[in-house]
Each structure stands twice: as C-alpha cells, then as structure tokens.
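Produce the entire structure from the sequences given, and follow the hints as far as they go.
For reference, the chains in residue letters:
Protein chains: 4
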Amino acid sequence: MAATQTERDALLARLHRIEGQVRGIARMVDGGAYCIDVLTQVSASTRALQSVGLLLLDEHLHHCLAEAAQAGGGVHDEKVKEASAAIARLVRS
Amino acid sequence: MAATQTERDALLARLHRIEGQVRGIARMVDGGAYCIDVLTQVSASTRALQSVGLLLLDEHLHHCLAEAAQAGGGVHDEKVKEASAAIARLVRS
Amino acid sequence: MAATQTERDALLARLHRIEGQVRGIARMVDGGAYCIDVLTQVSASTRALQSVGLLLLDEHLHHCLAEAAQAGGGVHDEKVKEASAAIARLVRS
Amino acid sequence: MAATQTERDALLARLHRIEGQVRGIARMVDGGAYCIDVLTQVSASTRALQSVGLLLLDEHLHHCLAEAAQAGGGVHDEKVKEASAAIARLVRS
Numbered sequence: 001m002a003a004t005q006t007e008r009d010a011l012l013a014r015l016h017r018i019e020g021q022v023r024g025i026a027r028m029v030d031g032g033a034y035c036i037d038v039l040t041q042v043s044a045s046t047r048a049l050q051s052v053g054l055l056l057l058d059e060h061l062h063h064c065l066a067e068a069a070q071a072g073g074g075v076h077d078e079k080v081k082e083a084s085a086a087i088a089r090l091v092r093s
Numbered sequence: 001m002a003a004t005q006t007e008r009d010a011l012l013a014r015l016h017r018i019e020g021q022v023r024g025i026a027r028m029v030d031g032g033a034y035c036i037d038v039l040t041q042v043s044a045s046t047r048a049l050q051s052v053g054l055l056l057l058d059e060h061l062h063h064c065l066a067e068a069a070q071a072g073g074g075v076h077d078e079k080v081k082e083a084s085a086a087i088a089r090l091v092r093s
Numbered sequence: 001m002a003a004t005q006t007e008r009d010a011l012l013a014r015l016h017r018i019e020g021q022v023r024g025i026a027r028m029v030d031g032g033a034y035c036i037d038v039l040t041q042v043s044a045s046t047r048a049l050q051s052v053g054l055l056l057l058d059e060h061l062h063h064c065l066a067e068a069a070q071a072g073g074g075v076h077d078e079k080v081k082e083a084s085a086a087i088a089r090l091v092r093s
Numbered sequence: 001m002a003a004t005q006t007e008r009d010a011l012l013a014r015l016h017r018i019e020g021q022v023r024g025i026a027r028m029v030d031g032g033a034y035c036i037d038v039l040t041q042v043s044a045s046t047r048a049l050q051s052v053g054l055l056l057l058d059e060h061l062h063h064c065l066a067e068a069a070q071a072g073g074g075v076h077d078e079k080v081k082e083a084s085a086a087i088a089r090l091v092r093s
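Protein chains in written order, with our numbering: chain H, 1 to 93; chain R, 1 to 93; chain B, 1 to 93; chain Y, 1 to 93.
No wet-lab data here; the hints were simulated from the structure.
Any given hint could turn out to be false.
Note that identical chains are pooled: a pair holds if it fits in a single copy or bridges any two copies.
[To be verified] Derived SDA-like pairs: lysine to any residue, alpha-carbon spacing no greater than 20 Å straight-line:
| hint | residue 1 | residue 2 |
| --- | --- | --- |
| 1 | K79 | D37 |
| 2 | K81 | Q41 |
| 3 | K79 | A13 |
| 4 | K81 | A69 |
| 5 | K81 | E7 |
See the structure below:
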C-alpha cells in the first residue's frame with residue numbers, strides 16, 4: 001500500500017468508527033431494539049465500509065498510474081485485471 | 001424485535017465476527033498490506049453486513065405477516081411503507 | 001400481480017424509459033463516446049431498474065399483508081421465504 | 001473510447017440483449033405476471049447492466065494505464081479522480 005501516513009490514519013479512523021458502529025448494532029440486537037432501527041444502522045455501516053473500499057481503490061489507482069508512468073511502455077494487463085476484479089467484488093457486494 | 005433467543009444469538013455471533021473482520025482490516029491497513037488484499041476483506045465484510053440486514057428483514061416480514069393475520073382486516077400502509085424504505089436503504093447501500 | 005391499472009401504467013412508463021436509456025447507451029458505445037460518459041448512463045439506468053424493483057416489492061408486500069389479514073391465523077412461511085429471496089437477489093444485484 | 005471493434009461489438013450485443021430483457025419485463029407487467037417473477041427478471045437485468053459497467057471500466061483502466069505509460073512522469077490526478085467518481089457511482093447504484 002503506497003498510502004501516505006495521513007491517508008492511512010484517515011482510513012484507520014474510519015475503520016475504528018465502523019468497528020464501533022458494528023458493536024453498537026450488536027448492542028441494539030441484544031437489547032431487543034426494533035428491527036427497522038437496527039436495519040437503518042446496518043445500512044449506514046455497509047455504506048461506510050463501501051466508502052473505505054472506494055478510498056482504497058482511489059489510492060490504488062493513483063499508485064498504479066504513477067507506476068505505469070514511471071515504468072513506461074509495456075503492458076499492464078495484470079494490474080488492470082487485478083483492479084477490475086477488485087472493483088467487481090465491490091460492486092457486487 | 002420479535003426474534004427468538006436463538007435467532008438473536010445467531011445475529012450476535014455474526015455481528016461479533018464482522019466486528020473482528022473490521023478490526024482485522026484496520027490491522028492490515030496499519031501494517032501496510034497490499035491495497036487489493038485489503039479491498040478483498042472490505043468486500044467480504046460488506047457482504048457479511050448485508051447478510052445480517054437480509055436476516056433482520058426476513059424476521060421483520062415474518063413478524064409483520066403474523067401480526068397482520070392476527071389483527072385481521074384494515075390497512076397496513078404504515079408497516080409496508082416502513083419496510084419498503086428499509087429495503088430501499090439496504091438495496092442502495 | 002395485484003397492482004391497480006394506475007400502478008401498472010406507472011411501471012410500464014418507467015420500463016419504456018429504461019428501454020430507451022439502454023438503447024441510448026448502445027448508440028453512445030456505437031458512436032465511440034467517452035467511456036466515463038457511457039458509465040454515467042449505465043449507472044443511471046441501473047439505478048432506474050432498481051427503483052422499478054423496489055416499487056414491485058412495495059406492491060408485493062402490500063398484497064401479502066392484505067392477504068394475510070384476510071386469511072387470518074396460520075403460517076405464512078412460504079410467502080416470507082419467497083419475498084426474502086427476492087429481496088436478497090435485488091440487494092445482491 | 002479506445003475499445004477495439006471486437007470489444008465494441010461485444011458491448012453492443014450485451015446492450016441489445018438487455019434492451020430485450022427490459023422489453024420482456026414490460027410485457028410481463030402488462031400481462032399481469034406474478035410480482036416475484038417480474039422481480040427475478042429485474043434483478044437479472046440489473047446485474048447484466050452492471051456487467052456492462054464493469055467491462056467499460058476495465059477498458060477504461062487499460063486505456064488510462066497505457067496512456068500514463070506513454071506520457072511518462074507527471075501527475076494523473078484528474079484521470080484518477082474521474083475514474084474513482086465513476087466507480088463510486090457504479091458501486092452505489
């Protein structure tokens with residue numbers, strides 16, 4: 001991961017928040033909260049996780065392009081294949 | 001939430017697992033793991049969270065139908081509106 | 001489908017619009033339009049199709065609840081199972 | 001769009017198939033088909049549209065990397081920003 005320390009810290013802060021959200025959802029279920037209210041929190045956490053995924057992807061594409069520019073000509077098929085597969089998993093999750 | 005204790009325990013077990021997964025993702029980011037590997041875990045956790053959402057929805061629909069059957073005639077517009085909005089949030093997250 | 005004629009007409013109007021959008025995307029591809037612009041239209045059509053799905057689901061839930069209320073007691077497991085499976089397919093598509 | 005004619009033809013074939021699927025869904029609605037059956041087709045078409053989006057994205061990334069490799073050093077921020085925004089729209093649709 002070619003992320004700067006600042007980017008990494010921002011990701012970690014988001015992930016810790018999501019971890020807390022998931023713990024909060026467990027508390028709601030345990031306390032017998034209303035289904036629809038639990039569902040609202042589940043959707044919010046899912047969305048937050050997807051945002052982390054999109055951020056990681058953005059950093060990855062930056063890195064790939066910078067690398068391609070430095071390495072010059074030649075095919076980058078493997079890199080694109082790998083990124084496309086990761087995007088497909090994200091879109092389909 | 002009209003879930004039985006067994007259903008609730010199953011949900012809690014899933015949520016604790018997801019919490020652990022998110023903590024694992026933070027560790028990967030902190031340790032400088034490869035972007036694409038982190039992304040794979042993010043997609044898996046997102047999918048696991050959606051499964052929790054689908055389970056909650058299933059229980060909610062069971063409960064709503066049972067309630068409607070017991071209460072008899074009359075409109076249930078509010079219930080359907082609420083469930084449809086929750087489904088839309090899940091589909092769009 | 002227990003939709004009224006008005007609901008059905010609204011669905012048909014949306015579907016004809018989506019059909020036109022998809023035809024428009026094909027024209028863009030054929031004319032060599034810029035990838036990102038084509039992608040924007042693909043996302044818009046995907047979202048429009050999901051809205052049709054959510055509308056259908058809303059109507060279905062209305063119908064199920066009304067039916068359960070009329071039929072009274074008894075289990076509606078099959079109905080819930082079927083609806084939950086349809087929701088899962090929508091969430092996962 | 002830097003797609004080859006073969007890629008373009010494959011995309012067009014998929015889009016024409018999706019157009020036909022959407023027309024088929026309209027026919028089902030018009031004929032009063034069962035909600036759940038219509039929903040199954042809606043999910044299938046949504047998925048097919050997303051596949052077209054993923055294909056377009058794959059081609060776009062290929063093109064971007066090739067371009068970056070040829071152009072050499074220099075920042076490609078705009079390109080990444082644009083691609084990331086398109087991916088986000090696809091993930092969120």
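Status of each hint after checking the structure:
no.	hint	verdict
1	K79 / D37	between (41 Å within a copy, 13 Å between copies)
2	K81 / Q41	between (34 Å within a copy, 18 Å between copies)
3	K79 / A13	neither (28 Å within a copy, 27 Å between copies)
4	K81 / A69	both (18 Å within a copy, 17 Å between copies)
5	K81 / E7	between (25 Å within a copy, 16 Å between copies)
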